[in-house]
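Trainee: Given next are the chains, with one letter for each unit.
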Amino acid sequence: EAGVAQSPRYKIIEKRQSVAFWCNPISGHATLYWYQQILGQGPKLLIQFQNNGVVDDSQLPKDRFSAERLKGVDSTLKIQPAKLEDSAVYLCASSFAGGEGEQFFGPGTRLTVL
Amino acid sequence: GENVEQHPSTLSVQEGDSAVIKCTYSDSASNYFPWYKQELGKGPQLIIDIRSNVGEKKDQRIAVTLNKTAKHFSLHITETQPEDSAVYFCAASRSRGKLIFGAGTRLAVHP
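As they're listed, the protein sequences go chains F and G.
At position 60 of the first sequence the residue is numbered 60 (this note's numbering), and the sequence of numbers has no breaks.
At position 101 of the second sequence the residue is numbered 215 (this note's numbering), and the sequence of numbers has no breaks.
What the hints contain is simulated information worked out from the structure, not anything from laboratory work.
Keep in mind that the hints are not guaranteed to be accurate.
[What the hints assert, rightly or not] Heads up, simulated EDC-like pairs for lysine to aspartate or glutamate below, C-alpha to C-alpha not over 16 angstroms straight-line:
| hint | chain 1 | residue 1 | chain 2 | residue 2 |
| --- | --- | --- | --- | --- |
| 1 | G | Lys212 | F | Asp56 |
| 2 | F | Lys44 | F | Glu85 |
| 3 | F | Lys44 | G | Glu116 |
| 4 | G | Lys212 | F | Asp57 |
| 5 | G | Lys136 | G | Glu170 |
Next comes chain F alone, as it looks inside the complex:
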């Protein structure tokens, strides 16, 4: 079974630029999550999708971050404009049915904002 795919793996941008990350979840997984992991900290949920609907985006800085999950499969996370404090690893995870189901994580995208 293929795992969660993410791209790119690394990205370096200047502050105020925009950036987008892509995630392809495990086939058949209805729930998709985006987490932000700052160096030395645990992952923090940014947004949770159930199929193509948003379940929780309470921690998403909506003035600069946006996410979509077209057709309930792939998802993109965008930052515009980026700030220095956005430097982190952005992890995508998926689970079969949300709730207490195991979340499978992708390898992450490491973003550096200069």
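Knowing the structure of chain F, use the given hints to seat chain G on it.
Mentor: Just chain G now, kept in the frame of chain F:
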């Protein structure tokens, strides 16, 4: 707000010794407690989990205990091996799926 505290932040043991990592959660409605292992350059991987209706769970060298009254849960690794070296995260969740992670414990197992 929801919070999970994890201790210690770093742990160094000799191969064959046991390692214990402890977590405390604040949300009394939490009912699912997974533990993840994260190796360098990789995403977290689930190693064991426990639900609130169970006090203890074991899988080979790994065990987790849960004290709902005290809102504590712990990870126990016995007979540690060098390949156990990684960062370990505890997390807590209500039924809706959102995981609240601890800050992580960097475990080093020395041959």
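Trainee: Hints broken by the structure, by number, lowest first?
Mentor: none
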